[in-house]
Amino acid sequence: MLACYRLAGLTVSVESMYSVVHGMCRDYRCDDDAVPDIAVSISPCDIDEERRHSRREREMEGLPPYDFPDAVLETTAVYRSIADHLPQYGRLLMHASTIAVDGGAYLFLARSGTGKSTHTALWRKMLGDRAVMVNDDKPIVSVDTPSVAYGTPWDGKHHLSSNIAVPVKALCILSRGDENKIEKISAVEACPHILQQTFRPTDPSRMSQTLVLLNKLLTTAPVFHLYCRPDIEAAQLAYSVMQ
Amino acid sequence: MKLKYKFVFQPVGDVYVATAVGDDARQFNGMVQLNATGYRIMQLIGEGADHDKIIETMLNEYDVDRDTLVSSVDRIIDSLVQEGVVVC
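Quick note, the sequences are listed as chains A and B, same order.
In my numbering, each residue's number is its place in the first sequence (first place is 1) plus 1185.
In my numbering, each residue's number is its place in the second sequence (first place is 1) plus 65.
Chain A with its partners taken away, still in its complex shape (with noise of 0.2 Å):
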């Protein structure tokens, strides 16, 4: 199966095994004939590849292997390789959890489980109407001056995503704390937290791209060290510090 979409401002065309990509990614359909920026098309040796990826993954988060389905691995390796060609657009993927108010995006990245979705739902207990989800899980980050969120089909467990485009207000590391506290922190003491929550392509020339871009973003937007529980008063110390 074969269609086009437009992602994070760049078309992409999917070329597909199973029909799951497809209906997940619906609300980015487009039907442009333009040479697409990013050519996709998966093989029975990429889902294999991503089969391994993801017991890997299980693995090194201590928890048991797990086998998806062939359709379920093909979306993440379509996301794969896309995210692959990102760099050389000036785009990143970004773990994630991403809100935006009042036409500002603000990203809470930490490890899986931490609590990301947790804080943002409270964020939009909290501001009702003001908060849209940009992205749950993984966003798309065009780094530029201002950066901008994109929202994309792969939004996590609770499928929570808009196909908007938001200029990034600001990045959070969000941590566990007995109590709530939040610091502002410099772009050296930030990059190990996020390079983690980064996409990082194996291929030497992308890595460097994917450094170069994460330097021009911790250097340009604000990024800040959220540790919280996971209680209402921990997003309105976040927001009144961050926006």
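Derived from the structure by calculation, the hints contain no laboratory data.
For glycine and all other residues, C-beta sits at the position ideal for the given N, C-alpha and C.
A few of these clues could be false.
Claimed, not checked - If we take Cβ atoms under 8 Å as the criterion, some of the chain A residues that face chain B in the derived model are:
{"hint": "1", "residue": "Ser1371"}
{"hint": "2", "residue": "Ala1372"}
{"hint": "3", "residue": "Cys1376"}
{"hint": "4", "residue": "Leu1380"}
{"hint": "5", "residue": "Leu1396"}
{"hint": "6", "residue": "Leu1399"}
Claimed, not checked - Here are the simulated lysine to aspartate or glutamate pairs, EDC-like style, with alpha carbons at most 16 Å apart:
{"hint": "7", "chain 1": "B", "residue 1": "Lys69", "chain 2": "B", "residue 2": "Asp88"}
{"hint": "8", "chain 1": "B", "residue 1": "Lys118", "chain 2": "B", "residue 2": "Asp132"}
{"hint": "9", "chain 1": "A", "residue 1": "Lys1401", "chain 2": "B", "residue 2": "Asp79"}
{"hint": "10", "chain 1": "B", "residue 1": "Lys71", "chain 2": "A", "residue 2": "Asp1388"}
{"hint": "11", "chain 1": "B", "residue 1": "Lys71", "chain 2": "B", "residue 2": "Glu112"}
{"hint": "12", "chain 1": "B", "residue 1": "Lys69", "chain 2": "B", "residue 2": "Asp89"}
Chain A is fixed; fit chain B onto it per the hints.
This is chain B only, laid out in the frame that chain A set:
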């Protein structure tokens, strides 16, 4: 002495960041932050320089006396070995 993995280096803020690439990225999933001296040492190790060559090269590049340089280089190499990115 050699680098254990294939790295790319880029400045981020005031430091250099080294990350493993290719198949090595699976073995070394982290990153190393280096000051300018550490970056130069890793660069020279990557080019195949031994301890003496590193010292001679850096003596020509930095306005520093030999003892101070040797002490700094040894300390940085020790920490790179501890971090598992350089093997002796």
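- Task: Taking the numbered hints from earlier one at a time, note which ones the structure violates and give those numbers from smallest to largest.
- Result: none
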